[in-house]
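K.L.:
Take a look at the letters that make up each chain.
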Amino acid sequence: MNREFVCIVCPNSCQIKVEYEGEKIIDIKGAQCSKGEDFVRNEITNPLRVFTGSIKVTKGNFDLVSVKTPSPIPKKYLKKVGKITHRIKVEAPVTIGQVVAKNLLGKNIELVATRKAKRKNIS
Amino acid sequence: MLKEKEVIIIGGGAAGLAAAVTCQEKGIKDILIIERNAFLGGILNQCIHDGFGLEKFSTSLTGPEYAQRYIDQVKEKKIPFLLNSMVINLNSRKEILVANRTGLQHYRAKVIILAMGCRERTRGAISIPGTRPAGIYTAGVAQELINLKNYMVGRKIVILGSGDIGMIMARRLTLEGAEVVLVAEKLPYSSGLPRNINQCLYDFDIPLLLSHTVVDIKGNGRISEVTLAQLGKRGGIIPKSKRKVPCDTLLLSVGLIPENELSRQAEVVLSNITGGPEVDERGQTNVPGIFACGNVLQVHDIVDNVSLEAEYITEGVIDYLQGRSQEPREFQITLGAGLRYVVPQRILTVKNTIFSFRVNQPGIKKTLVFEEDRKIIKKKLFPRVNPAEMLRVKLSSEELKDVKRLKVRLV
Chain A
1 MNREFVCIVC PNSCQIKVEY EGEKIIDIKG AQCSKGEDFV RNEITNPLRV FTGSIKVTKG
61 NFDLVSVKTP SPIPKKYLKK VGKITHRIKV EAPVTIGQVV AKNLLGKNIE LVATRKAKRK
121 NIS
Chain B
1 MLKEKEVIII GGGAAGLAAA VTCQEKGIKD ILIIERNAFL GGILNQCIHD GFGLEKFSTS
61 LTGPEYAQRY IDQVKEKKIP FLLNSMVINL NSRKEILVAN RTGLQHYRAK VIILAMGCRE
121 RTRGAISIPG TRPAGIYTAG VAQELINLKN YMVGRKIVIL GSGDIGMIMA RRLTLEGAEV
181 VLVAEKLPYS SGLPRNINQC LYDFDIPLLL SHTVVDIKGN GRISEVTLAQ LGKRGGIIPK
241 SKRKVPCDTL LLSVGLIPEN ELSRQAEVVL SNITGGPEVD ERGQTNVPGI FACGNVLQVH
301 DIVDNVSLEA EYITEGVIDY LQGRSQEPRE FQITLGAGLR YVVPQRILTV KNTIFSFRVN
361 QPGIKKTLVF EEDRKIIKKK LFPRVNPAEM LRVKLSSEEL KDVKRLKVRL V
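These protein sequences, in sequence, are chains A and B. Residue numbering for the first sequence follows my numbering, beginning at 1 and increasing consecutively. Residue numbering for the second sequence follows my numbering, beginning at 1 and increasing consecutively.
Note that these hints are calculated values from the structure, not bench results. Model, not experiment: these values are computed from the prediction. Quick reminder that beta carbons are idealized off the backbone N, C-alpha and C, glycines included. Among the hints, erroneous ones may be present.
[Stated by the list, open to error] Below, computed lysine to aspartate or glutamate pairings styled on EDC-like, alpha-carbon distance capped at 16 Å:
1. A:Lys79 with B:Glu176
2. A:Lys80 with B:Glu176
3. A:Lys56 with B:Asp30
4. B:Lys78 with B:Asp30
5. B:Lys94 with B:Glu4
6. A:Lys76 with B:Glu4
[Stated by the list, open to error] Short, incomplete list of chain A residues facing chain B, as computed with Cβ under 7 Å:
7. Cys10
8. Ser54
9. Ile96
10. Lys120
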């Protein structure tokens with residue numbers, strides 16, 4: 001089968017042409033780096049994306065902190081993870097990289113904070 | 001009381017932070033950043049998606065993480081900053097009036113760095129007819145409400161304009177549980193990066209309708225439907241193509257305009273193409289000692305380039321502060337067909353210089369040719385050009401040495 005992909009790894013947005021059978025790549029053209037080829041390999045077998053979203057923070061100087069999965073997860077789980085983030089809360093202070101949720105969907109999916117939140121000053 | 005500073009930076013976003021950190025590293029001690037928001041980092045804080053920092057930090061960061069890397073440096077270096085502080089006046093003598101909770105404060109600086117970023121074009125700017133219901137947002141405002149303020153903007157959404165923020169919001173709204181009906185783009189090609197069409201629209205089966213626009217808005221109180229129409233080859237509406245699309249929200253992602261109200265007060269000459277100041281090879285405006293970088297100078301598509309531009313102009317700041325003279329030099333740059341603009345617009349001293357361009361329309365295998373009187377100075381091939389992607393080319397001081405009339409063509 002022949003398909004064309006636009007690589008999403010970096011802003012170069014390489015147009016990569018690939019010829020494959022099942023999961024076996026026969027020919028691949030157009031990637032400016034090896035990450036592009038890895039991206040296409042995943043797209044054919046199991047497309048992966050980083051999830052980013054936000055969750056509520058209590059007692060913080062902001063209402064929300066942004067979160068992400070530290071590594072890409074299967075694309076099919078993105079919407080489900082999005083739904084779960086509505087229910088997750090974290091108490092301030094929050095630091096960047098702090099794990100705020102673990103083993104989502106029973107699939108070992110983690111969420112880490114991507115923004116700091118300080119404890120709100122009670123005056 | 002008038003307080004004196006060496007360098008004042010207006011705006012604590014991506015450009016302002018990088019400029020501050022680099023100025024300090026180059027030995028400037030007396031810096032002040034003035035930020036109108038309650039936090040540093042500017043628009044990066046609401047850009048919670050990833051993909052930032054690939055060039056600058058060789059890793060994919062979210063907006064807040066990218067901002068934090070600079071905020072940490074500002075704090076480590078103890079660079080002073082004011083938050084919740086609005087510059088309400090700037091003049092060509094580089095005097096600044098700041099309003100904040102303590103009242104009004106007067107400053108004067110040897111150098112002002114303009115780093116105010118840009119604003120979104122609104123419904124008024126594109127004159128969509130119809131009623132004036134609630135539920136119409138610019139994409140960036142919706143992004144702020146959802147990502148920072150915990151306020152969901154709607155459930156059934158139409159997006160007009162395929163700028164990057166619009167597409168990123170299409171994905172964001174989908175992940176928050178809303179239905180994004182479609183993204184309409186007036187032009188025959190997308191105004192955003194190709195990778196965003198893929199990961200933000202196609203990943204979620206959101207249709208991108210090219211050569212389509214919203215021609216009417218209906219709603220009593222809240223928006224209830226838009227009328228969508230296809231545009232012909234010359235940009236006119238095809239009457240038969242009109243159709244009604246029910247929705248409760250319309251997002252506009254129809255372009256960004258550099259925010260230069262303060263620059264105008266200071267008699268800074270603006271380009272009517274970029275919307276930003278006309279500058280020399282290190283971001284200096286026509287007012288000596290006033291520099292500009294980031295989205296206030298030209299709207300960027302990648303934040304890494306904003307940081308790089310901010311770092312780069314600080315060379316000019318140092319030259320100015322050290323009183324290195326800039327003999328006015330005869331130099332002119334003209335653009336051939338296919339190129340919309342170039343920054344910088346003039347060159348005062350011969351230095352390695354980065355030129356930024358935007359093209360008028362997409363193309364494949366295009367070459368930028370730099371020449372003077374048909375003598376070719378430099379050529380650079382781009383496998384693909386796109387109005388959404390800024391082109392940057394560096395010319396060395398050697399290449400620029402004797403050039404007086406530089407012509408740039410896209411072939």
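K.L.:
Against the structure shown, which of the earlier numbered hints fail to hold, in ascending order?
P.N.:
Result: hints 3, 6, 10 break, sorted rising.
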